[in-house]
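Spelled out from the first residue to the last, the chains are:
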Amino acid sequence: MIRGGEMNEDAWLKIKWVKNVPNYLQLQSPHPPPAVGARRQSATYIPQAWGRPRDDVYGAYDPSYMQTNGPNQHTQSPIVTGTSVLGMKFKEGVVIAADNLASYGSLARFTDVKRLRTFAESSVVGFGGDVSDMQYLDRHLTELAIDEAYASSTTTNSAQPTLNARNLHKYLQKLLYRRRSKFDPLWNSLLVAGLDESGAPFLAAADLLGTAFSSPSLATGFGSMLAQPIMRRLVPDEASVASVTREQAVECVRECMKVLFYRDARSLDSYSLAIVTKDGVELHQNEKLENQSWAFADRIKGYGTQTV
Amino acid sequence: MTSIGTGYDLANSIFSPDGRNFQVEYAVKAVENGGTSVGIRCKDGVVLAVEKVITSKLLKPGANKRIATVDKNLGVVYSGMVPDGHHFVDRARDEARGWRETFKTPISTSDLASRMGGYLQAYTLYQSVRPFGITAIIGGFDSELETPVDGEVGSGPSVGAGGKVEGKHGGPGLYMIEPSGMYWGYYGAATGKGRQAAKAELEKLNLSENKLDLMQGIKEAARIIYVAQQDNKDKEFELEMSWISGADGPTKGRHMEVPKDLLEAAERLAKKAISEDDEEDEEDDDEKNDDKMEE
Amino acid sequence: MFRNNYDNDSVTLIFQVEYAAEAVKQGSVVVGIVSKTHAVLVAIKRNAEELSSYQKKLFAVDEHVGLAIAGLTSDARVLSNFMKQQCLSERLTFDRAMPLETLVSLISDKAQLNTQHYGKRPYGVGLLVAGVDDSGPHLFEFQPSGLTQEMLACAIGARSQMARTYLEKNLDKFPDCGRDELIRHGLRALKETLVQDRELTVENTSVGVVGPKEPGKRPLEAFKVHDGADVKDWINSIADDAEAGGDGMQVDE
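Protein chains in written order, with my numbering: chain A, 28 to 335; chain B, 106 to 400; chain C, 70 to 322.
Mixed in with the good hints there might be a few duds.
[To be verified] In silico DSS-like cross-links for lysine-lysine, where the CA-CA straight-line distance does not exceed 25 Å:
id, chain 1, residue 1, chain 2, residue 2
1, C, K238, C, K153
2, B, K316, B, K157
3, B, K165, C, K238
4, C, K114, C, K94
5, B, K357, B, K377
6, C, K293, B, K162
7, B, K157, C, K114
8, C, K286, B, K162
9, C, K293, B, K340
10, C, K238, B, K157
11, C, K179, B, K165
12, C, K179, B, K170
13, C, K189, C, K242
14, B, K165, C, K189
15, B, K162, C, K94
16, B, K162, C, K125
17, B, K170, C, K105
18, B, K338, B, K148
19, C, K189, C, K238
20, C, K293, B, K365
21, C, K153, A, K201
22, B, K309, B, K170
23, B, K165, C, K286
24, B, K165, C, K94
25, C, K125, A, K118
26, C, K282, B, K134
27, C, K238, B, K338
28, B, K170, B, K273
29, B, K340, B, K148
30, B, K376, B, K273
31, A, K305, B, K365
32, B, K170, B, K376
33, A, K305, C, K94
34, A, K305, B, K273
35, B, K165, C, K242
36, B, K170, B, K324
To be clear, the hints were calculated from the coordinates, so they are not data collected in a lab.
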């Protein structure tokens with residue numbers, strides 16, 4: 028018997044099946060079941076609350092749960108990554124190399140990713156770190172190169188020089204620093220190779236913090252520990268650059284790529300290598316490591332499943 | 106123009122009773138006094154040319170370029186008010202940049218023409234602005250190759266579904282946009298002071314047959330500018346030319362200035378062609394005189 | 070005074086631009102010349118009354134750029150400050166001197182906008198922008214319409230036609246001039262514009278120059294405005310050649 032718009036207990040018993048509704052579907056309704064033997068007056072008569080999880084089952088709604096207060100979390104770690112980039116100056120230019128692997132954690136996810144990008148046919152940027160941030164920077168640099176070409180092509184005899192490697196490095200450093208200051212860093216460490224305004228070889232690094240430095244030889248990531256000492260044997264200081272030939276530098280960098288493949292578990296035997304001189308950029312994107320020798324592997328002791 | 110002085114010509118976006126927007130018509134007048142611009146769509150590319158009138162001896166020769174590049178594969182030339190042309194080019198570059206941001210690929214010639222047509226038309230709609238005092242010619246070459254999207258790394262899966270539709274893609278494009286925002290595609294386009302003579306010459310080239318190649322196009326463009334300039338011979342001018350070919354052509358898909366030696370060769374031929382024309386005219390005159398004498 | 074009924078309708082902005090161009094002709098004259106190595110600006114300064122100071126005509130924008138103004142000084146300062154900021158930001162983000170053509174096109178675009186939109190007025194000032202960038206020395210003329218043109222030599226302001234005539238006559242000599250010879254050409258051009266009984270003095274003459282310290286080399290001698298006693302020698306040196314005959318004025322004896 029129904030009186031005054033409310034159900035009495037008898038009426039309620041006839042629709043008993045409601046009790047079998049799964050726990051997670053217990054939503055607040057305009058006509059909630061009254062507790063046995065008591066007439067329940069609750070806030071669920073407020074229309075705004077209809078359709079929401081029942082307070083008496085789940086507790087009051089916690090508004091802090093889905094809030095996005097605080098820093099963005101997704102910018103705080105890289106996802107798909109590239110490993111080391113190597114660079115070395117020689118007498119007439121710079122050689123730069125990076126392997127073609129993009130890792131997803133420890134998974135070798137993409138094996139044909141080109142991490143050396145040319146800028147305005149006169150400089151090369153090598154990217155380590157997050158690959159999607161690298162793509163963002165690459166698109167950004169494409170736009171920059173187009174804008175720069177506008178300025179130089181309208182000048183008499185196209186005399187106006189475009190951005191040289193030093194200008195480009197300064198720009199990227201400022202960009203990276205600006206982004207880290209917004210707590211939204213571009214998760215890369217990069218090398219810029221090319222020539223400066225006087226035509227001298229230029230090589231410099233910049234990372235996700237906006238830190239920048241220059242040296243006759245440079246390496247990012249694992250390379251800074253494994254390859255840098257080897258490269259420094261050939262070019263210990265700026266003065267020694269003048270006595271290093273292109274062949275020596277390329278040979279040294281190739282050797283370093285091999286060492287990195289031996290000892291860096293996130294590396295690959297297929298790599299890219301670019302040589303920048305006043306004649307432009309020579310880019311090889313499908314190099315293979317040659318003459319590998321794993322004889323040393325037997326002598327490694329101290330971890331893994333070895334019994335001796 | 107019976108409505109002049111009735112007040113309907115004072116403000117932009119006002120129609121006169123006979124259905125005309127005078128401000129736009131005045132903008133067209135500004136164009137009609139500018140140096141002649143010409144665009145030719147050849148079978149393997151596009152040539153743009155402009156007559157730059159030398160207003161002062163003190164101007165630096167060869168500087169003050171009037172043909173501008175948009176993105177890499179598009180060129181713009183215009184007749185009329187130069188600062189307005191600058192504004193036009195800036196906007197075109199912004200459109201090209203925006204297109205790349207959205208689609209990760211260069212804008213096509215026809216899409217740029219459409220965007221710019223819309224932009225110019227908007228400047229005829231409001232009391233608060235005046236229309237552009239230019240007519241612009243946009244030339245471009247849309248890549249016929251399978252081009253990577255910007256920022257692409259690696260080559261993707263070597264097997265599986267592909268997205269490309271079979272058939273021919275890309276090619277040269279030429280469009281002309283008027284102050285009203287109206288634009289059409291052209292085989293050969295001309296605007297500015299000498300447009301009538303230039304159009305007559307363009308028509309003789311039978312461009313719709315698609316036989317003219319870039320090298321011939323350069324010569325014809327130079328000659329047409331010289332022919333169109335005949336009516337004010339006393340004014341000194343400089344010829345500026347640019348071209349765009351496909352990826353396998355001389356400019357490798359980019360919009361570039363015509364190299365100096367080619368430009369000079371084309372100018373020599375143009376001057377020669379014109380002096381020959383003059384001689385013929387004189388001969389014709391002589392013949393007529395002879396006829397008269399005989400009568 | 071007013072040409073027609075367009076004058077009161079701001080939408081017909083073109084006439085506004087022509088009037089702004091008149092403002093340029095009210096300003097005192099400035100001259101700019103470039104050689105293969107140097108860029109030079111020279112100017113006549115005016116003083117409002119006997120006891121007041123002389124109006125500044127030349128401004129350094131950056132180490133490698135300077136500008137000369139004719140017209141509304143306050144408008145010029147807006148443009149000059151804008152150019153200074155752009156040059157600084159170029160040095161900060163790219164570590165290079167702002168290319169002149171890029172710099173000039175920035176102000177040209179600002180000025181063009183004022184001619185096409187209601188509620189704005191054109192800048193009432195003409196500029197000569199001179200400097201040396203990586204592609205060499207440049208001189209640009211800027212007009213209120215937003216038209217900027219690269220020149221070999223130029224003069225704007227009151228009675229500047231006389232100076233332009235001088236410049237056209239001597240155009241061939243400029244490319245190979247040294248620093249001081251180029252300045253002297255500038256001063257001679259200025260002199261042409263003077264009315265009877267007026268002459269160049271250390272009070273009313275400004276000279277700005279930028280170019281390499283040593284021929285064909287970097288670094289630059291930064292753009293510097295020379296006033297007062299600094300310009301004395303240059304003024305004297307052209308006074309001499311006028312008296313020595315040449316094509317200057319003959320002095321009655």
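Structure-based check of all given hints:
| no. | hint | in the structure |
| --- | --- | --- |
| 1 | K238(C) <-> K153(C) | 34 Å, violated |
| 2 | K316(B) <-> K157(B) | 29 Å, violated |
| 3 | K165(B) <-> K238(C) | 15 Å, holds |
| 4 | K114(C) <-> K94(C) | 14 Å, holds |
| 5 | K357(B) <-> K377(B) | 31 Å, violated |
| 6 | K293(C) <-> K162(B) | 28 Å, violated |
| 7 | K157(B) <-> K114(C) | 35 Å, violated |
| 8 | K286(C) <-> K162(B) | 30 Å, violated |
| 9 | K293(C) <-> K340(B) | 39 Å, violated |
| 10 | K238(C) <-> K157(B) | 23 Å, holds |
| 11 | K179(C) <-> K165(B) | 23 Å, holds |
| 12 | K179(C) <-> K170(B) | 19 Å, holds |
| 13 | K189(C) <-> K242(C) | 42 Å, violated |
| 14 | K165(B) <-> K189(C) | 32 Å, violated |
| 15 | K162(B) <-> K94(C) | 20 Å, holds |
| 16 | K162(B) <-> K125(C) | 29 Å, violated |
| 17 | K170(B) <-> K105(C) | 20 Å, holds |
| 18 | K338(B) <-> K148(B) | 32 Å, violated |
| 19 | K189(C) <-> K238(C) | 39 Å, violated |
| 20 | K293(C) <-> K365(B) | 37 Å, violated |
| 21 | K153(C) <-> K201(A) | 20 Å, holds |
| 22 | K309(B) <-> K170(B) | 29 Å, violated |
| 23 | K165(B) <-> K286(C) | 24 Å, holds |
| 24 | K165(B) <-> K94(C) | 23 Å, holds |
| 25 | K125(C) <-> K118(A) | 51 Å, violated |
| 26 | K282(C) <-> K134(B) | 50 Å, violated |
| 27 | K238(C) <-> K338(B) | 23 Å, holds |
| 28 | K170(B) <-> K273(B) | 34 Å, violated |
| 29 | K340(B) <-> K148(B) | 34 Å, violated |
| 30 | K376(B) <-> K273(B) | 39 Å, violated |
| 31 | K305(A) <-> K365(B) | 23 Å, holds |
| 32 | K170(B) <-> K376(B) | 22 Å, holds |
| 33 | K305(A) <-> K94(C) | 49 Å, violated |
| 34 | K305(A) <-> K273(B) | 38 Å, violated |
| 35 | K165(B) <-> K242(C) | 14 Å, holds |
| 36 | K170(B) <-> K324(B) | 20 Å, holds |
Hint compliance for this structure: hints 1, 2, 5, 6, 7, 8, 9, 13, 14, 16, 18, 19, 20, 22, 25, 26, 28, 29, 30, 33 and 34 are not met, and every other hint is.
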